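K.L.:
Residues per chain, in single letters:
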Amino acid sequence: MDDMDEEVLQLFVEESREHLAGIEDDLLGMEAMDGLDEDLVNRVFRTLHTIKGGAGFFDLINLQNLAHSMENLLDLIRKNELQTTKMIVSSLLAGADTVASMIDNLEASNDYDISDHLAVFDGILKGEAAPEPEATVVEEAVAVEVEEPEIAPEPVENVSPVVAEPPAPEPPATPAPATKAVVETPQEGASTAKAAPAKSAGSGDQSIRVHLSLLDRLMELAGELVLTRNALIQSVETGDPALLQPAAKKVDAITSQLQRAIMSTRMQTIDIVFSKFRRIVRDLSGQLGKQINLEILGEDVELDKTIIEALGDPLTHLVRNSIDHGLETPAQRKAAGKPPFGKLRLHAFHEAGQVVIEVSDNGAGIDPRRIANKAIEKGMVNEEEIARMNEKDIIRLIFQPGFSTAEEVTDISGRGVGMDVVRQNLAKVGGVADIESELGKGTTIRVKLPLTLAIIPSVLVGISTENFAIPQVNVVEMVGIAPDEIKRRIQHVGGVAMLRLRGELVPLIELSDYFGIAPTYRDTDSGVLTDDRRDRLADRRENDDDEAASDARCGAERRESAESSVNIVIVAAGAFKYGIRVDELHESAEIVVKPLGVHFSSSTEFSGATILGDGTVALILDVDGVRLLSGASESQQTEGDLRTREDEESRDIDSCSILIIQHAEDEVYAVPLQLVARIERFSSSDLQDVGDRKAISYRGGILPLISLEGIVSSQALDATANEFYVIVYTVGNEEIGLMASDIRDIVDYKDTIDNRTHKRAGIAGSMIVNGEILQFLDLYGILELDDPEWTEHLIGEAEETNLSVLLVEDSPFFQSQMKKEIEAAGFIVLTADDGLLGLEMLRTHPEITMVLTDIEMPNMDGLEMVRAIKALPEYAGLPLVAVTSLAGASAEQKGLDAGVDEYQIKLDREQLVDVCRRLAKPRAVNA
Amino acid sequence: MSEALFLEDTEIIVFRVGDITIGLPITEVREIFKSPTITPVHTPFSYVNGVINLRGSIVTIVDLGKRMSLSVNQDVKAVHIVLVEFGEELIGLLVDGIEDSVFASSDDFFPVPATVSGADSDFFRALFRREEDLVAMLNLENTLETEVA
Numbered sequence: 001m002d003d004m005d006e007e008v009l010q011l012f013v014e015e016s017r018e019h020l021a022g023i024e025d026d027l028l029g030m031e032a033m034d035g036l037d038e039d040l041v042n043r044v045f046r047t048l049h050t051i052k053g054g055a056g057f058f059d060l061i062n063l064q065n066l067a068h069s070m071e072n073l074l075d076l077i078r079k080n081e082l083q084t085t086k087m088i089v090s091s092l093l094a095g096a097d098t099v100a101s102m103i104d105n106l107e108a109s110n111d112y113d114i115s116d117h118l119a120v121f122d123g124i125l126k127g128e129a130a131p132e133p134e135a136t137v138v139e140e141a142v143a144v145e146v147e148e149p150e151i152a153p154e155p156v157e158n159v160s161p162v163v164a165e166p167p168a169p170e171p172p173a174t175p176a177p178a179t180k181a182v183v184e185t186p187q188e189g190a191s192t193a194k195a196a197p198a199k200s201a202g203s204g205d206q207s208i209r210v211h212l213s214l215l216d217r218l219m220e221l222a223g224e225l226v227l228t229r230n231a232l233i234q235s236v237e238t239g240d241p242a243l244l245q246p247a248a249k250k251v252d253a254i255t256s257q258l259q260r261a262i263m264s265t266r267m268q269t270i271d272i273v274f275s276k277f278r279r280i281v282r283d284l285s286g287q288l289g290k291q292i293n294l295e296i297l298g299e300d301v302e303l304d305k306t307i308i309e310a311l312g313d314p315l316t317h318l319v320r321n322s323i324d325h326g327l328e329t330p331a332q333r334k335a336a337g338k339p340p341f342g343k344l345r346l347h348a349f350h351e352a353g354q355v356v357i358e359v360s361d362n363g364a365g366i367d368p369r370r371i372a373n374k375a376i377e378k379g380m381v382n383e384e385e386i387a388r389m390n391e392k393d394i395i396r397l398i399f400q401p402g403f404s405t406a407e408e409v410t411d412i413s414g415r416g417v418g419m420d421v422v423r424q425n426l427a428k429v430g431g432v433a434d435i436e437s438e439l440g441k442g443t444t445i446r447v448k449l450p451l452t453l454a455i456i457p458s459v460l461v462g463i464s465t466e467n468f469a470i471p472q473v474n475v476v477e478m479v480g481i482a483p484d485e486i487k488r489r490i491q492h493v494g495g496v497a498m499l500r501l502r503g504e505l506v507p508l509i510e511l512s513d514y515f516g517i518a519p520t521y522r523d524t525d526s527g528v529l530t531d532d533r534r535d536r537l538a539d540r541r542e543n544d545d546d547e548a549a550s551d552a553r554c555g556a557e558r559r560e561s562a563e564s565s566v567n568i569v570i571v572a573a574g575a576f577k578y579g580i581r582v583d584e585l586h587e588s589a590e591i592v593v594k595p596l597g598v599h600f601s602s603s604t605e606f607s608g609a610t611i612l613g614d615g616t617v618a619l620i621l622d623v624d625g626v627r628l629l630s631g632a633s634e635s636q637q638t639e640g641d642l643r644t645r646e647d648e649e650s651r652d653i654d655s656c657s658i659l660i661i662q663h664a665e666d667e668v669y670a671v672p673l674q675l676v677a678r679i680e681r682f683s684s685s686d687l688q689d690v691g692d693r694k695a696i697s698y699r700g701g702i703l704p705l706i707s708l709e710g711i712v713s714s715q716a717l718d719a720t721a722n723e724f725y726v727i728v729y730t731v732g733n734e735e736i737g738l739m740a741s742d743i744r745d746i747v748d749y750k751d752t753i754d755n756r757t758h759k760r761a762g763i764a765g766s767m768i769v770n771g772e773i774l775q776f777l778d779l780y781g782i783l784e785l786d787d788p789e790w791t792e793h794l795i796g797e798a799e800e801t802n803l804s805v806l807l808v809e810d811s812p813f814f815q816s817q818m819k820k821e822i823e824a825a826g827f828i829v830l831t832a833d834d835g836l837l838g839l840e841m842l843r844t845h846p847e848i849t850m851v852l853t854d855i856e857m858p859n860m861d862g863l864e865m866v867r868a869i870k871a872l873p874e875y876a877g878l879p880l881v882a883v884t885s886l887a888g889a890s891a892e893q894k895g896l897d898a899g900v901d902e903y904q905i906k907l908d909r910e911q912l913v914d915v916c917r918r919l920a921k922p923r924a925v926n927a
Numbered sequence: 001m002s003e004a005l006f007l008e009d010t011e012i013i014v015f016r017v018g019d020i021t022i023g024l025p026i027t028e029v030r031e032i033f034k035s036p037t038i039t040p041v042h043t044p045f046s047y048v049n050g051v052i053n054l055r056g057s058i059v060t061i062v063d064l065g066k067r068m069s070l071s072v073n074q075d076v077k078a079v080h081i082v083l084v085e086f087g088e089e090l091i092g093l094l095v096d097g098i099e100d101s102v103f104a105s106s107d108d109f110f111p112v113p114a115t116v117s118g119a120d121s122d123f124f125r126a127l128f129r130r131e132e133d134l135v136a137m138l139n140l141e142n143t144l145e146t147e148v149a
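Read top to bottom, the protein sequences are chains W and U.
Quick note on numbering: this note's numbering labels position 213 of the first sequence as 213, and the sequence is numbered without any gaps.
Quick note on numbering: this note's numbering labels position 148 of the second sequence as 148, and the sequence is numbered without any gaps.
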């Protein structure tokens, strides 16, 4: 074939693939349609017609024949001479699969045996429609199911619920060949279904479609970059520092825009993965005699191409599990008092900078007792441990390696591979899976994924002389423990070091125990790292006698001399939290992931490596792998005299997490943690003066800094250690860094904040924590004090409105703070101290255009008030916004259920103002 | 063994690990350089010294002396890295010193005895007679094998 033909052939292949990508949905659409949808049929017809034409041109006889006979069938349907049945659609789907496979293997296409397909299509054309295959299967499945109670329940496999899995229905005796592709055994049916879309997704491997506007944007950025480069070169040549600064800033801005734009070319919608499940669910439910409604939500959520491609298999496994083990047959559902149609939901959505995919069903759920029995049988846990675990943790055992049985049938059926493989496959692309199940109600599996793989934001830490990167998605928080706090905060429970963190005990891991790193400690005077010759934590653990126990202080504690504090990074592996003690917290950085060689294939504790700015290598920790390595288990978390998690949650609703920072010796301030984006540590030598303002080079950009000195404090920043911390927070689209000499703690503060005694400009109030008076900083206020221009520049002009907003809040501190902020934006603010008073205000002030309410209040709480307002027709359409000091998904859901329109964080001024500007609209007052 | 014996005429890079003189056909050597700082890494293989940054790629470093369980003189510091291709990745072999590059004709190769200066014969594919001494030709596959037997 000469070049010309080769090119045309390539074109034909690409075009055909494109057409075929939609054919499956169209065929399924035809099936779902009552009567005839000409558009759909025409589209399928045209696809086949085009393929037939091309195949004829290239002498691909087989392909031509198959497409031709399918086309004939569609022609009849189009002319309304043939009624679309499930069976016809099944045979067309099978035919389309073969066509797609032939297109992918054009050279071998003439070797395909298409006689079965042709026979079926001929049969249909001649009116000898084969018996409906599904009907047969359903009958059989029902028959099987009736016998089921007598079958001794097998040990639980994977997610198998109470329902012992029905033996795979035998293929119905001898239906016409037509049914072959679809009916056979479930294994094969699914493999066809799985293979086809996987291929079409994979076939695009080497190229990607990019929207023209995006390309234009890239061109534009490249142009800007060239201009800025010229400016940069010029300023370097002339040596004029005044020119250098703006040029550097511009390069920074353009680079990040370029990065974002280029990354977005890799983004694809998750629909590519989701759409194939329509077919899988249809085929499988037919085979198993189950009735299932598939609901797909959020199919337009975008993810990196690599992640999308890696998602197919694990998700297929989860969906198959749901259909196979989770959802019951109509008869079983009826017996359980549920509607016959089971619901399977695939839902993708964004949450906290990640993408979450939920696979949920309203099936039988998982019986924790069976999981427990099986785990004990397998020797994974003992009964004692089970007794200490709660149901959720027991169900999570299915993710453990070795939980699923090895002697299972085949891996295609989805029964041979266990959930641990699913979890591992997801982990390869940075995904984290968790499961929730309620017996009789259903099962939900949540998969959290990063948006992209190529570059991951990470925290860099130093342990001994080594550097490690911990992906930001796994980092929950960083805790610094002051020397005099160590004894109280770090304790040994059952021979394991535990950190006391807001009423929870979190196990601590000493990486040097596992990584063969010589433990070191930093001499507080000289700042030099020295070998630590003291006992290692792991050694201590083996000593179980009383003497050792009484002396059993954490290695971290021993290692640090009395004058140094301990830094701990709290990470989350799935729902399990633990702390990693680190010697040094370096900056957070966006790191580029590099793969590790074959010698690391069994080292689950590393997910890759990265190269730092100075050229050295840092390994990327896989927090899940590290946990396995250390053997820390979830059950430890429930040990001790702990409040249950529910307590913790309800407690959190009205408490306020504050970050305690030190400015000078006796000056300690509190900052609301919700407003803090990051905490960084810099050396004093990094400090630069830009104009009359201090700033620091940071992530390749410039971070403006403000110091409390001269604003709310008369003392200079105590930076004797030559190091200082920067609390990074966002105002408008810009980041501001607040300098602090030390980070003391993070606490949950529940008591009242005194908004009188210490209140002044920049200070919103005061509070007492551990007998010490803290001044509560107004992060926006200090900005204005620092330089009035900030406000104008970053927050924008207040627009005078005459709109009234009702603020219902019991804490005088928050009430006055929020009132001030909303008033500053030009609104009239009316206040009420609890829900009852709020309702009263609403009645007496018809001019109120929106309501902001706290949740936890005396007399009548926020949710009750919201329900009451919702119940009154005259307030229909009145925007209701809940404000909390802690955003939690559960609290948010409760609020949404009660009828709240939005959730906002109390002290986030921008969000508050923004929500008022968006929602407060003059409204027609009902007489 | 016989097929391993029949090496073609080739140029050989000769280096030293402990007391053994080892050779690799020049075609199997990608690069030789002085060892940069190695970042130690914990792996199940004690002979994996760590990783290095080689122009932006992460390269695993295998300590040949440890791999062959040789009692390497502690005073001699392994200083050179012989970069080889293994499967789809590059691996750096940490060796004590680079000696020579010599031309070998296919007639100069001999079968390997059971041990070579204390190292298991599996690590080698042939012996090569260099004028007055013998050079053990490294079997890369067996040496870098990661399957735990």
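These aren't lab readings, by the way, just hints derived from the structure by calculation.
Computed from a predicted structure; not experimentally measured.
Even for Gly, the Cβ is constructed at its ideal location relative to N, Cα and C.
Check before you lean on any hint, since a few could be wrong.
Stated by the list, open to error - Between beta-carbon pairs, the in silico distance windows are: (1) W:Val769 with U:Ser35: 48 to 56 Å; (2) W:Asp614 with U:Glu85: 26 to 34 Å; (3) W:Ser601 with U:Ser69: 37 to 45 Å.
Stated by the list, open to error - Away from chain U, derived, C-beta distances all over 12 Å, residues of chain W: (4) Thr85; (5) Leu215; (6) Arg266; (7) Ile376; (8) Ala618.
K.L.:
Work down the list of hints and note, for each, if the structure agrees.
P.N.:
Results for each hint:
1. W:Val769 with U:Ser35: 48 to 56 Å: 52 Å, holds
2. W:Asp614 with U:Glu85: 26 to 34 Å: 28 Å, holds
3. W:Ser601 with U:Ser69: 37 to 45 Å: Distance hint for serine 601 of chain W, serine 69 of chain U is violated at roughly 22 Å.
4. Thr85: 51 Å, holds
5. Leu215: 27 Å, holds
6. Arg266: 20 Å, holds
7. Ile376: At roughly 29 Å from the nearest Cβ of chain U, isoleucine 376 of chain W sits farther out than 12 Å, so the non-interface label holds.
8. Ala618: Given a closest Cβ separation of 8 Å, the condition is violated.
In this structure, the earlier hints numbered 3, 8 are contradicted, and the remaining ones agree with it.
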